[in-house]
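Engineer: One letter stands for each residue in the lines below.
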Amino acid sequence: MPTLLQAATSQVGRKVLTGATGIFLVLFIIFHLGGNLAIFGEADAMNRYSLILHNFGPLLWIARIGLLVVFVIHAWIGISIWFRKRTARPQKYEVYSSKGGPSKQSLSSRSMAFTGVVLLIFVVFHINTFALGDTGTVMIDGQEATDIKSLVIETFQNPFYAFGYAFVMLLLGAHLGHGVWSAFISLGLSGKKASAILYTIGGIAAVVLAIGFLFIPIYIFFGGGCEAALISCE
Amino acid sequence: MSEMTINLKIWRQKSIDDQGGFQTYQLSEVSEHMSFLEMLDVLNEKLIKEDIDPVEFDYDCREGICGSCNMVVNGSAHGPKRLTAVCQLHMRTYNDGDTIVIEPPRAAAFPVIRDLVVDRSALDRIIEVGGYVSVKTGAAPEANLIPVEQEVSNTAFDYATCIGCGACVAACPNSSAALFTGAKVAHLNSLPQGYPERKRRTIAMVDQMAKEGFGDCSNYGECEAVCPVGISISSIAEMRKSYLKAVL
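Sequence order for the protein chains is A and B.
The first sequence lines up with residues 405 to 638 when you count with this note's numbering.
The second sequence lines up with residues 46 to 293 when you count with this note's numbering.
BS3-like cross-link-like pairs, simulated, lysine-lysine; straight-line CA separation at most 30 Å:
#1 A:Lys-597 x B:Lys-286
#2 A:Lys-489 x B:Lys-286
#3 A:Lys-596 x B:Lys-244
#4 B:Lys-54 x A:Lys-489
#5 B:Lys-256 x A:Lys-489
#6 A:Lys-496 x B:Lys-59
#7 B:Lys-290 x A:Lys-597
#8 A:Lys-596 x B:Lys-126
#9 B:Lys-181 x B:Lys-286
#10 A:Lys-489 x B:Lys-59
#11 B:Lys-244 x A:Lys-597
#12 B:Lys-126 x A:Lys-496
Some chain B residues near chain A, calculated using beta-carbon distances under 10 Å:
#13 Ala-216
#14 Ser-221
#15 Cys-262
#16 Gly-275
#17 Met-284
#18 Lys-286
Quick look at which bits of chain A chain B covers, simulated, 3 or more residues with Cβ under 8 Å:
#19 418-429
#20 489-498
#21 505-518
#22 592-600
Just so you know, these hints were derived from the structure itself, not from any lab.
Just so it is clear, the structure is predicted and the values come from calculations on it, not from any experiment.
Beta carbons are placed, not taken as given, at the ideal position from N, Cα and C, and that holds for glycine.
Kindly generate the complete structure, drawing on both the sequences and the hints.
Structural biologist: Shown next as structure tokens:
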């Protein structure tokens, strides 16, 4: 019998971990998008949401560390699969073509490593911009809260940020296009019908999440949300 | 009977240590009724007459059931047709003047021995560690003694049709042998005869697959598309389920 570590690092274990962490990350970004949509709510909705999260105190930190661990495992295994792929086929084909039919080879599946690495780099910048960015404070119900909304609106006045973010969200959609379905297959979902249904659901989820995320920076860039912010929009 | 001229670009490699490279040949009077391997036979006759070493390729049954003839034709394992081994592919698939690129299956676990012939014993070694059912030798037991539901029997048979040609490895962008191993595991684990050894079998075969240097499965599904007998990637999911049940 293999130890738990041996099982986890076996070819099956790695896939199961990639799938499980992937599903967790998708649930997280759904939650994250929910928070982002507060920009369309009442003037102080986003800052109020931020305050609620911060009031969790130590629990918030446990969640953050847990999320980081999950993210690192997912990225680490993904990158190691890419490296192993290169050693498993040292000599490339002169010509390579997909046979179609049941094949799930697509721009989405073939670019998982690329889109994954871009998302990894993006997350580092993203945390630096917003979680660690300079924010003012506002008073909400007598409590001092960070003014994340103004930072968001100010950041997306810059076209590089606004369109850069939107572009990366297209890559997120591409990553999820194969990723959502693949995660469930990795966890042992079998059967043609279930697989076909899930592939469609995965595709829809990818499109909805990508549009949900990229709409916000574009909306702000073109003047949305400014009237409610404490900073002035050019 | 229409005849064609076909341009061939074929991987030539003298030995396992040779660097190898592509050679181009022009073959005229190719009948549309020839099988792909017959076309290579005609090429080899021509080469022998010209005092050139013939192109080595694996074959045995030439009727799509032995799995020997796996080669990569224009970038696709077993050629362009689905559910067709390359020996069952006919030249009528091609047009006069076409160029066909023929390569051996490429994987670190499948070293090229000569030209289009690769050493696929890595797959045999995966079988050796668990792709069997341990039984006492002697007279065959009464076949009706162990009841097997029709549905289970059908599914097991679908997985058992794997002919071990290695097209799944050849076509997988990661060079993974997950479809081959999955088919064996799913076949044997689903039957009452194979059930008692399921845990040991699954762990050993998954382990051996990695030791042989095959890549990880990324669920590309290309293996199912090129499989001449149409093994479903559900077998890979079944293998993962069996593995999880074995280790947890």
